[in-house]
Structures are given as structure tokens and as C-alpha cells.
Amino acid sequence: MSAAPDDDLWAAIADPSRRRVLDLLVRDGEATASALAHDVPFTRQAVAKHLAVLEGAGLVSRHRQGREVLFQVDPTRLDEATRALAQVADAWDRRLRAIKGLAEAAHRRAKDG
Amino acid sequence: MHDRTIAREILIEAPTDVVWRTITEPDQIARWFADRVELDLRPAGEGKLVFDDKATGKTTTVPVVVDSVDPLRRLAYRWSQPEGEAATPANSVLVEFTLTAEGEERTRLRVVETGLDGLDWSDEAKDAYAEDHNDGWAHHFGRLVELFAARSG
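Read top to bottom, the protein sequences are chains A and B.
Going by this note's numbering, the first residue of the first sequence is number 5, and it counts up by one from there.
Going by this note's numbering, the first residue of the second sequence is number 2, and it counts up by one from there.
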């Protein structure tokens, strides 16, 4: 349960711009580099670089759909990263947020199922 | 003398029964707290939280004793007592979870740790404990945790 963060992971999320890109991908599910560039104050080229670093850390993956390349977050890896980072955060805040994530996911599964 | 009570709360978009299971079922607790969990969910019921430190290979076992259970509303247990000793107000901290329904699909979960001042610990140790558990939510990493919570499911 206590995933040790590796260097790639730390490096990937240490940069605020990359965290912003990651936030947007979490929000949107999947997106092209161009679409992401609309929502950030940096260029499509910069977004592409950030995506490459995130991909190198295993946090995002890409797949082709027609002429577009779509990026999406790898939930397992994000989960690992979240756990690793959460260890740094305050104990009860971390635990309560984890409880929230679990309970809300369980509730959604029950409703959808 | 200052109050070392530790209090935290969070609003969860799920009914109280789902939140209750998350904080009381051992396999659920193992997903947000310890690596392995045993819990006998009744007054005076004993349990333990086992934490594995992967970096050092060291295992820490924290005994817990259930203080009171009010299903779907309140769970309180004592912890941090020395291993092998019975939990008392002098050697343990009381952890209370309180669930409040705020509509059919929303629950406010509050956790309060009390009893720190009654402990037979040094002031420094108590302060360090309170600080460790109470430290502000300033870590920017928190945002990612929140996003994950919103995304999961």
C-alpha cells in the first residue's frame, strides 16, 4: 500500500505546468494535445513536451483515433502517485480524502450497477 | 496550556451507509489506513492496524480497542497505547468518527482525536504528535489527491 515514489514520478509531477496538464486530463478523461493547449497559458509544443514526460513516468498513455492522438491518464499509476504523495500530506486529511474517494466510488458503482 | 485536540472533517458525496462501511470494514480500512487491519466492531472489541514500511521492511503494529459503536453514526476507538497494555485514558488517544447525513447522498465525516493532554507523555512528544496529525492542508499535493477522489469510480 505504501508505494515508494520513483524518480520519474517525482520529476513528472514536480513541475506545476505538468500538474496542470495532468489535472485537465483527469477532468476530461482523454484529450488531444491541441485541446489541452486551449486550456493552459502555454503553447501546444510545451503541452506536447509535458505529455511526453508524463508518459515517460507512466502517468499517461496515448492512443490513436482516426487522425487524432488522444492522451489519457493511467489510473493505476495515478493511484500510485497519489498514494506516494499523500504520504507527505497531513495524516488525517490524507485519510479522510482517501475515505471520500473510496466511498464515492463505491456509491457510484452501486448506482450504476 | 493549549488544547491538543485534533479535528478534521470532510464532505462526501455518498450516503452514510457507504461511508460507514468504508470506515468500519477491515478490508476497506486497509485501503485508506493500514496495510493490514483486524477489527472487532463492538464495544471493547480489539483490533490492530499493521503498517509495513516497504523502504525498511519494518512492520509496525498499532493495537486499537473499540470504545463505542453507534451504527451509521459514530465509531470511537482508542489507540496509541503501548503494545500489550490495556488502553486507558492515561496511555491512549481516543479517535471518534462522526457521520452526519446532509441529504440522501451526502455525508459529513468528522474525525476527532482527544485525550492527548491526559497522556503520560512529555509535552514535546504531545506537541509533535498534534503537529503531525494536525498540520495544515498547505501541501500542494493535496490537489492531486482531491482530483483522484473526484475521478475514481
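Source of the hints: derived by calculation from the structure; they are not laboratory data.
For glycine and all other residues, C-beta sits at the position ideal for the given N, C-alpha and C.
Watch out, some of these pointers could steer you wrong.
[Claimed, not checked] Below are the EDC-like pairs computed for lysine to aspartate or glutamate, each with C-alpha atoms no more than 20 Å apart in a straight line:
hint, chain 1, residue 1, chain 2, residue 2
1, B, Lys59, B, Glu97
2, A, Lys115, B, Glu39
3, A, Lys53, A, Asp78
4, B, Lys49, B, Glu105
5, B, Lys55, B, Asp68
6, B, Lys59, B, Glu39
7, B, Lys49, B, Asp28
8, B, Lys59, B, Asp36
9, A, Lys53, A, Asp43
10, B, Lys55, A, Asp83
11, A, Lys115, B, Glu105
12, B, Lys49, B, Glu97
13, B, Lys49, B, Asp18
14, A, Lys115, B, Glu106
15, A, Lys53, A, Asp19
16, B, Lys55, A, Glu84
17, A, Lys115, B, Asp36
18, A, Lys115, B, Glu84
19, A, Lys53, A, Glu72
20, B, Lys55, B, Asp36
21, A, Lys115, A, Asp78
[Claimed, not checked] Not close to chain B: a few residues of chain A, all C-beta gaps over 12 Å, as computed:
hint, residue
22, Ser38
23, Asp43
24, Arg48
25, Ala50
26, Ala52
27, Glu59
28, Gly60
29, Arg66
30, Gln69
31, Gly70
32, Val73
33, Glu108
34, His111
[To be verified] Derived, one-sided and incomplete: chain B residues facing chain A with beta-carbon distance under 10 Å:
hint, residue
35, Ile7
36, Ala8
37, Ile11
38, Glu14
39, Thr23
40, Arg32
Status of the hints after comparison with the structure:
1. B:Lys59 with B:Glu97: Cα-Cα ~28 Å, so violated.
2. A:Lys115 with B:Glu39: This hinted pair is violated, its Cα atoms lying about 29 Å apart.
3. A:Lys53 with A:Asp78: Judged against 20 Å, a Cα distance of about 18 Å means the pair holds.
4. B:Lys49 with B:Glu105: With a Cα-Cα distance of about 32 Å, the restraint between Lys49 (chain B) and Glu105 (chain B) is violated, given a limit of 20 Å.
5. B:Lys55 with B:Asp68: violated (31 Å)
6. B:Lys59 with B:Glu39: Holds: Lys59 (chain B) and Glu39 (chain B) sit about 19 Å apart, inside 20 Å.
7. B:Lys49 with B:Asp28: Holds: Lys49 (chain B) and Asp28 (chain B) sit about 13 Å apart, inside 20 Å.
8. B:Lys59 with B:Asp36: Status holds; Cα separation ~12 Å.
9. A:Lys53 with A:Asp43: holds (16 Å)
10. B:Lys55 with A:Asp83: Holds, at roughly 17 Å.
11. A:Lys115 with B:Glu105: holds (13 Å)
12. B:Lys49 with B:Glu97: holds (16 Å)
13. B:Lys49 with B:Asp18: Given that 20 Å is the threshold and the Cα spacing comes to 23 Å, the pair is violated.
14. A:Lys115 with B:Glu106: The given pair, whose Cα atoms are some 11 Å apart, holds under the 20 Å limit.
15. A:Lys53 with A:Asp19: holds (12 Å)
16. B:Lys55 with A:Glu84: holds (14 Å)
17. A:Lys115 with B:Asp36: Roughly 28 Å between the alpha carbons, so the hint for Lys115 (chain A) and Asp36 (chain B) is violated.
18. A:Lys115 with B:Glu84: violated (42 Å)
19. A:Lys53 with A:Glu72: holds (17 Å)
20. B:Lys55 with B:Asp36: holds (11 Å)
21. A:Lys115 with A:Asp78: Cα-Cα ~24 Å, so violated.
22. Ser38: holds (22 Å)
23. Asp43: Given a closest Cβ separation of 15 Å, the condition holds.
24. Arg48: holds (23 Å)
25. Ala50: holds (20 Å)
26. Ala52: Given that every Cβ of chain B is farther than 12 Å from that of Ala52 (chain A), nearest at about 21 Å, it holds.
27. Glu59: Glu59 (chain A) is indeed farther than 12 Å from all Cβ atoms of chain B, at 17 Å.
28. Gly60: Gly60 (chain A) is indeed farther than 12 Å from all Cβ atoms of chain B, at 18 Å.
29. Arg66: At roughly 18 Å from the nearest Cβ of chain B, Arg66 (chain A) sits farther out than 12 Å, so the non-interface label holds.
30. Gln69: The claim stands: Gln69 (chain A) keeps its Cβ more than 12 Å from every Cβ of chain B (closest is about 21 Å).
31. Gly70: holds (26 Å)
32. Val73: Correct as stated: the minimum Cβ-Cβ distance to chain B is 21 Å, above 12 Å.
33. Glu108: About 5 Å separates Glu108 (chain A) from the closest Cβ of chain B, which leaves it inside 12 Å; violated.
34. His111: violated (4 Å)
35. Ile7: OK, holds: Ile7 (chain B) within 10 Å of chain A, min 7 Å.
36. Ala8: holds (9 Å)
37. Ile11: Hint holds; Ile11 (chain B) Cβ to chain A Cβ min 4 Å, cut 10 Å.
38. Glu14: For Glu14 (chain B), the interface hint holds, since the closest Cβ of chain A sits about 5 Å away, which is under 10 Å.
39. Thr23: Holds, about 5 Å.
40. Arg32: holds (6 Å)
Violated hints, listed in ascending order, are 1, 2, 4, 5, 13, 17, 18, 21, 33, 34; each of the other numbered hints is respected by the structure.
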